[in-house]
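> Please build the complete structure, drawing on both the sequences and the hints.
Protein chains: 4
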Amino acid sequence: MSDKPHDYCGIFGIYNHPEAAVHTYYGLHALQHRGQESAGIVTSWFDPEKSIPVMPQHKGFGLVLNVFENQKIFTEKLLGHAAIGHNRYSTSGAAANAQNIQPFRVHYKNGNLAIAHNGNLTNAAALRKMLEERGVIFQSTSDTELILHLISHSDKSTQLDQILDALGQIEGAYCLLLLTDEKLIAVRDPNGFRPLVLGKKDESWVVASETCAFDINQVELIRDIKPGEVLIIDRQTMESGMPRSLHLEPIHGTGDSQCIFEYVYFSRPDSRIFGENTDKVRRKIGKYLAKEFPIPDVTSTRTDKVPIVISVPDSSNTAALGYAHENQKQGNDCKYEIGLIRNHYVGRTFIAPGQASRDVKVRTKFNTVKGVLKDRVVFLVDDSIVRGTTSAHLVNMIRNAGPKEIHFLVSSPPIMHPCYYGMDFPSPEELIANVHRGNIEDIARSIGADSLHYLSPEGLVDAVREANPEGRGFCTACFTGKYPVPVSSRMLKEENEYY
Amino acid sequence: MSDKPHDYCGIFGIYNHPEAAVHTYYGLHALQHRGQESAGIVTSWFDPEKSIPVMPQHKGFGLVLNVFENQKIFTEKLLGHAAIGHNRYSTSGAAANAQNIQPFRVHYKNGNLAIAHNGNLTNAAALRKMLEERGVIFQSTSDTELILHLISHSDKSTQLDQILDALGQIEGAYCLLLLTDEKLIAVRDPNGFRPLVLGKKDESWVVASETCAFDINQVELIRDIKPGEVLIIDRQTMESGMPRSLHLEPIHGTGDSQCIFEYVYFSRPDSRIFGENTDKVRRKIGKYLAKEFPIPDVTSTRTDKVPIVISVPDSSNTAALGYAHENQKQGNDCKYEIGLIRNHYVGRTFIAPGQASRDVKVRTKFNTVKGVLKDRVVFLVDDSIVRGTTSAHLVNMIRNAGPKEIHFLVSSPPIMHPCYYGMDFPSPEELIANVHRGNIEDIARSIGADSLHYLSPEGLVDAVREANPEGRGFCTACFTGKYPVPVSSRMLKEENEYY
Amino acid sequence: MSDKPHDYCGIFGIYNHPEAAVHTYYGLHALQHRGQESAGIVTSWFDPEKSIPVMPQHKGFGLVLNVFENQKIFTEKLLGHAAIGHNRYSTSGAAANAQNIQPFRVHYKNGNLAIAHNGNLTNAAALRKMLEERGVIFQSTSDTELILHLISHSDKSTQLDQILDALGQIEGAYCLLLLTDEKLIAVRDPNGFRPLVLGKKDESWVVASETCAFDINQVELIRDIKPGEVLIIDRQTMESGMPRSLHLEPIHGTGDSQCIFEYVYFSRPDSRIFGENTDKVRRKIGKYLAKEFPIPDVTSTRTDKVPIVISVPDSSNTAALGYAHENQKQGNDCKYEIGLIRNHYVGRTFIAPGQASRDVKVRTKFNTVKGVLKDRVVFLVDDSIVRGTTSAHLVNMIRNAGPKEIHFLVSSPPIMHPCYYGMDFPSPEELIANVHRGNIEDIARSIGADSLHYLSPEGLVDAVREANPEGRGFCTACFTGKYPVPVSSRMLKEENEYY
Amino acid sequence: MSDKPHDYCGIFGIYNHPEAAVHTYYGLHALQHRGQESAGIVTSWFDPEKSIPVMPQHKGFGLVLNVFENQKIFTEKLLGHAAIGHNRYSTSGAAANAQNIQPFRVHYKNGNLAIAHNGNLTNAAALRKMLEERGVIFQSTSDTELILHLISHSDKSTQLDQILDALGQIEGAYCLLLLTDEKLIAVRDPNGFRPLVLGKKDESWVVASETCAFDINQVELIRDIKPGEVLIIDRQTMESGMPRSLHLEPIHGTGDSQCIFEYVYFSRPDSRIFGENTDKVRRKIGKYLAKEFPIPDVTSTRTDKVPIVISVPDSSNTAALGYAHENQKQGNDCKYEIGLIRNHYVGRTFIAPGQASRDVKVRTKFNTVKGVLKDRVVFLVDDSIVRGTTSAHLVNMIRNAGPKEIHFLVSSPPIMHPCYYGMDFPSPEELIANVHRGNIEDIARSIGADSLHYLSPEGLVDAVREANPEGRGFCTACFTGKYPVPVSSRMLKEENEYY
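Chains A, B, C and D supply the protein sequences, listed in that same order.
Quick note: the first sequence uses full-length UniProt numbering, first residue 1, plus one each step.
Quick note: the second sequence uses full-length UniProt numbering, first residue 1, plus one each step.
Quick note: the third sequence uses full-length UniProt numbering, first residue 1, plus one each step.
Quick note: the fourth sequence uses full-length UniProt numbering, first residue 1, plus one each step.
There may be inaccurate statements among the hints.
[Claimed, not checked] Cβ-Cβ distance ranges computed for the label pairs, FRET-style:
| no. | chain 1 | residue 1 | chain 2 | residue 2 | range |
| --- | --- | --- | --- | --- | --- |
| 1 | B | Ile440 | C | Ile351 | 27 to 35 angstroms |
| 2 | C | Asn70 | B | Pro486 | 33 to 41 angstroms |
| 3 | C | Asn396 | A | Glu133 | 50 to 58 angstroms |
| 4 | B | Glu429 | C | Ile222 | 43 to 51 angstroms |
| 5 | C | Ile351 | B | Asn434 | 43 to 51 angstroms |
| 6 | D | Arg437 | A | Asp297 | 56 to 64 angstroms |
| 7 | B | Glu429 | C | Asn396 | 45 to 53 angstroms |
[Said to hold, decoys possible] Footprint (simulated), chain B over chain A, 3 or more residues, beta carbon under 8 angstroms:
| no. | stretch |
| --- | --- |
| 8 | 106 to 115 |
| 9 | 140 to 154 |
[Said to hold, decoys possible] List time: in silico DSS-like cross-link candidates among lysine-lysine, alpha-carbon distance up to 27 angstroms:
| no. | chain 1 | residue 1 | chain 2 | residue 2 |
| --- | --- | --- | --- | --- |
| 10 | A | Lys77 | D | Lys109 |
| 11 | A | Lys361 | D | Lys77 |
| 12 | C | Lys200 | B | Lys374 |
| 13 | C | Lys156 | D | Lys482 |
| 14 | D | Lys329 | A | Lys305 |
| 15 | D | Lys200 | D | Lys77 |
| 16 | B | Lys291 | C | Lys305 |
| 17 | D | Lys226 | D | Lys335 |
| 18 | A | Lys72 | C | Lys72 |
| 19 | A | Lys50 | B | Lys129 |
| 20 | D | Lys109 | C | Lys109 |
| 21 | C | Lys329 | B | Lys361 |
| 22 | B | Lys226 | B | Lys77 |
| 23 | A | Lys200 | D | Lys361 |
| 24 | A | Lys183 | B | Lys129 |
| 25 | C | Lys365 | B | Lys72 |
| 26 | A | Lys72 | A | Lys109 |
| 27 | C | Lys72 | C | Lys50 |
| 28 | D | Lys200 | A | Lys374 |
Rather than coming from a laboratory, the hints here were simulated on the basis of the structure.
A virtual CB, placed ideally from N, CA and C, is assigned to each residue, including glycine.
Here it is as structure tokens:
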């Protein structure tokens, strides 16, 4: 209901390209899965007529393709060789507030400044209060606006020092892109919660949440932006051939708190983040799921029909494939099959009129392939269970196709704790794992599965490590409750409630 | 091209009415002539669920009837017993910036605050610079945002003192409505440039730019808000039966600088502002025009057909009627006639496709009543001439109807100077009176009239005084160049140019 | 509620102009008062790529300026040197059926054919039944579609003969524009109910409902299309220099049944129809109103303030002026004044939210000029009274301004009978003159006026004759019940009710 | 360019359900893949107020969810217990003609009649000409309108006989749903080109193009509508418990011409059509592909990395899985992998701004999973190749991921002939198989694959037969040029070109 300021988001920035806005447009399109509520692009150029640097922007509610469907936006408005863009995650359209659409672009004493932000600050309430005491007025409920005020209120003399001063005060999960009249600055928080990658295309430098935004633009991946890194791309970079970096020290935590849920569910399988291909990690997750719950342990039923492994498309495809392959490797007879079909025409605005049964919403999105499921022992792999309602409807739908058994395998541990770093889970009491106090059998019963198996937290971490042995550490707070960065006792909810 | 932050506007506020937003809607509709670019309403109420005061808003580009065409806005969103609203004048749709739509609503240390503003600050550039030095970031190019920052940066402890502190720093022309969680505060600048009236309906108090916004709501006019008055309407008012007032002293000027152009052209004829009915003033203006230029002095032509007086509808109707009646009173034979018809279906978006002659735009708006004009000596009364292009097309169009002569009478003096107090004239070099260096004959020739007569500045002031002998003084700077409040050498243009 | 197929409408056609569609656009804009629900244009050209004649069209709901707001419609779609256009009157938006938007464009054995129609057929039900028996399917509820079927089902060999064959079967009120691949054909019904004028601009020929559509396009008026005339404009016309004409004989009536209500209310005052300027006729109507009801007969009140004559703007302005002038001529002291102001921002979509009193809709449209009305004896001139509700609210609104007396003068007789020829009156039992069985005093009481005076039918006809002595006869059926063309006992209502 | 009247489409009808329109809405949503250009629903009910049967409709351009996003459509407009709906395939938005949106609803001598049509008539031109000679006018370019005219022009006395009379005259591929004031009639052409299934939900009867529209509504599949079957559902059906059927004889062909391309590509894998699950058929197709082109025959390369089989998602997933499983069964080492990711946010309106390389459109839709492809021998399975441009871009994209080899396997034979029965292929000279005169090596070279293999026509038919041994015969004209129903020499193109 409330207009959450802290959510999934996708960001993209480019410097020194004659079609900066166009590349940002494609990049945002590739990052569409990270946010469907709104999209925006800000560019920077020096207007020779006015003899001043300007930052035109175009923003709106909806998918990237809708917000930018008029080609003139690119040829007449979003001029310039540098740009940043942002996709925002959809919570509730009803509460949508246009003033929260990013990037934010403002003018202050040192010129124009635009910012795009993915993540969630944990000390926002305290900073907000401090700034209000200094006379700041807030026009949005976003953490991002807060960062802008910290910069503009800094006593430091140079813009870069002001930015560093502001970054020194914020805590939590954030990837930032800052566009000034001269520079593109990319920042990843010292704990490295969210992914951020650096790429290059000819003489242009590019930064994005995931590498899928590079592929669409034929940008070459250079490396991850490191936790705590402040990367500065400007004219000097063009000369030296490499952006220079500054480093922020973590106030709390180890600097190794990458969000493991990005690998489990959120990133695109064709992206490489945190130093490894998501696809590969997800495959290993499937493998570890098979190690912990091999088919013979899950079911003792023997039929002339080989058991089948199916996924909830598309997000669980790779883990399901990994689960099937590992079982086969172990000699457990099984087949990977396509047992559920997803209708991709369902958009955010889909209405469900009529007195129709409550599960019609699931049926508008999924259907079973009956011939595949009938009389089979079915192993259904899904990446996670949140409230459990969709899972229950899926199991019921599969049950109607006449399988022998349905075993529900989850490629991550039970979600039992809120995320304060940017994932938008429902409140803890709505999480099915909490509803049943972690009793797996009760959860299985409530969703109607013959059995239910969650990958263990250790299994998840081991799987990621096997795929990515050189990688940094991960945050698993939503599974374990161990928060790497302390969370203010009065967390962010109240900011939303002014309006 | 540029997105002017200082323009005509209409404002409306109401306190203590269960249908506050609905009345504001009607009020804004009645004030539609003061601004057609955008409209917005903010209400205030205490949300019992959240246990906090909230200020929902609804704003958008377009006419009031378009912005609020969904009835649910009133029943589900704009709840509360207090509201303020704002109509904004249209300059160029292309440059329209949604962030400039008023009212502005923000949150700061002392709660919610919304503001609607009609006018133009003369010291905005200096204040803006001062605030930027203190770290303020600006999200719009509007003077109004500046006032909010002055309030939030005040050191005073109470909200009211903060507001007074801010008002003490600004100069220029302004009528303000401020909505806080507790109060509705109406302010008219110490020189009283723009009109602002106070009314009452049952137990509700109402403030508006013009009384036409009262009539539509069946609100009783109480009196003008006085120049420099800060009127506070709150729970205490309900008890005492009358809002209390504070007074601001003018920093410059006499405190008697009411915009005479409001009477000449801008206000609706059915409104009462500055203490007198606009209609009555406009009639006297017509009378003085007849005194300065009686028909026999203008033309010596004698025909069997009586000379006719026609107006450019609708704004000049009353002055034309006054001109005709005074001439008749003086024994100068003439008839008031309707010689031009106005097409009221022309909106802001009217396009003029094709290779059509340049005057087609005038023909989409006006047509002549040929039978009325043919063979007549025509006295055409218009309220003002700005660039002169429309006047030239009108004269040409009338000429095609075959009159004997066309005498163009202007019910105000030549406009030769920019207005820094809120009227949106083109730049001085575009004003036809300047193009011809004030040479009336040259202007007459350029618009094609047989003769041209402007009311003198003295005649205009005398006319107003005769209608409104008790009234305060007036600003005539656009005619005389005498600016009652000094204007910063680097006036506001540059603020617009960041974006 | 029902989607009336027979209403006021405006039509425009042009032949042999490189900007045919653009001129049609301007013409429809000038005729906007004849229909605001929808607008459409069809052009004709020979497509060299496809080597066939084509008829592109563009139609939509809304005002002309909205339907055609994309300039590309003219440069990329509506090509060709011939065009016809149509404005449709608004009844109820809710029941709007896109398939009823005109012009209609179809393909049949003899090529493309488009039609625009203003009026109402009286034998539509019988013709419809006859055609249905022959297998015709109807996709709209419009008389216009019926004419197309009559043409396509004709046994005649040439297209022109087919059209004449169809015209020979229809009865009622109609002005038609037919566009074929070769010709523009204009038809006015044999009784001449609706106006239709012929004009010329350079080498182009133009036909329109009213001359105001000529003025905007600088088209020269040639003459009226005569009752029963079938005017054919084609390549031959270009050579001979004059369109050729055929003539339809009236099946019923005298051929002199021009709608007198066009002069009373419907046509624009700047138009010339039925051979005379509407303005002139309306002025004479005011004069005859003064002859029948001179001020001293209406009121015996004597005050030091001269009685005032005001109009309900804008439609009654001219008649009010005529009434005032005639009284003055008779020596009856009075002044023409502007006592009511009309808000022209009220569109079709204006909503009236809230518990507001029922008369708020009138207040959104009109306001009084209080200074003008106070303590005066007021003579309010309106063109007609239909249901009486608006009149009652107006009188009440004026009463609040404190006049001494309010005398309501109607510049036409009481409307007591339905119009079967195209005027969209409510059903007879809703007409206030019927509600009170023609008792004028009762009507006066119900609208709250001190007295009420309708122009007599004879006075109306005499007024029109004085203005237009050479003119043809008029239909006064809505006042007198004398229908010049017989009306089928089961009149057209039922056609609307399929959907 | 041209607005094709003969295309893929989805149809849905329901009789005797209180939420007829709602179920049709869900059914159309499930059939969205069959047409995305427009959607429409017509319902039938007896209006007690008007005492007549009525057929309200709602239609529009766009996806089902967009056309029906206002819930009121269902509660206030589309009332009644019977409904039919239609999805139309998208060709070119630019040429979209609102008059072609189905269902068509008309009124004729025997009442209301609505029709929804999937397919393409082969003798439309001749019938159209015949009807035009009889005086019929055409308002659309659709075959569907033609059927309506045939019905209304029939001499038969009962509506059912008229319909049979009309059906007796048409040839080609068609599935029809006819809604009358009393009945729902479903028709499948005598050759059975397009699928049509019958289902039941409680006391309601349902007809749809595919069973996926049943699943979403929890409708039970009863059976296929048979080729030539005319199924009548009415009040009598409710009593007898089963709809009655009539039978049309094929004028040409065997009555066994089911479109094999429905199985190859067009139907949803979770649908059951032509008597068998599409998924099962597609799996067999993959199997036969493996029989014809087992991995060892395709490549002799031996690496330590097992060859991978990937699909072009989502349409080729099942065939690819079948190909992989069959190879494994044969002992050919390989893995089914997910090597391409599809971005499902690409809509019809996606723009491709900028100077971007030509393959950017493919990259907006697909991306490679690099880790999966690198150094592998890749077997890419796609369902068909039409123009070859997308295939070339896909191969190039995969090549960039560094595979050892890319072998392109097509699960259908080369498309070399136009479809006159409803599939919308480009013109023959644009088909890549024709461009290279069927030379497979040339095609392989042009798309950049190391080898290319098409399933043989015999293999395709055998695969289908193995999956569906009881099934009827199939049309393979697009592969073989053998047209089961003769095609008029002047085929339908010209109809489109009037407008």
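> Which of the listed hints are broken here?
1, 2, 10, 13, 17, 21, 22 and 26
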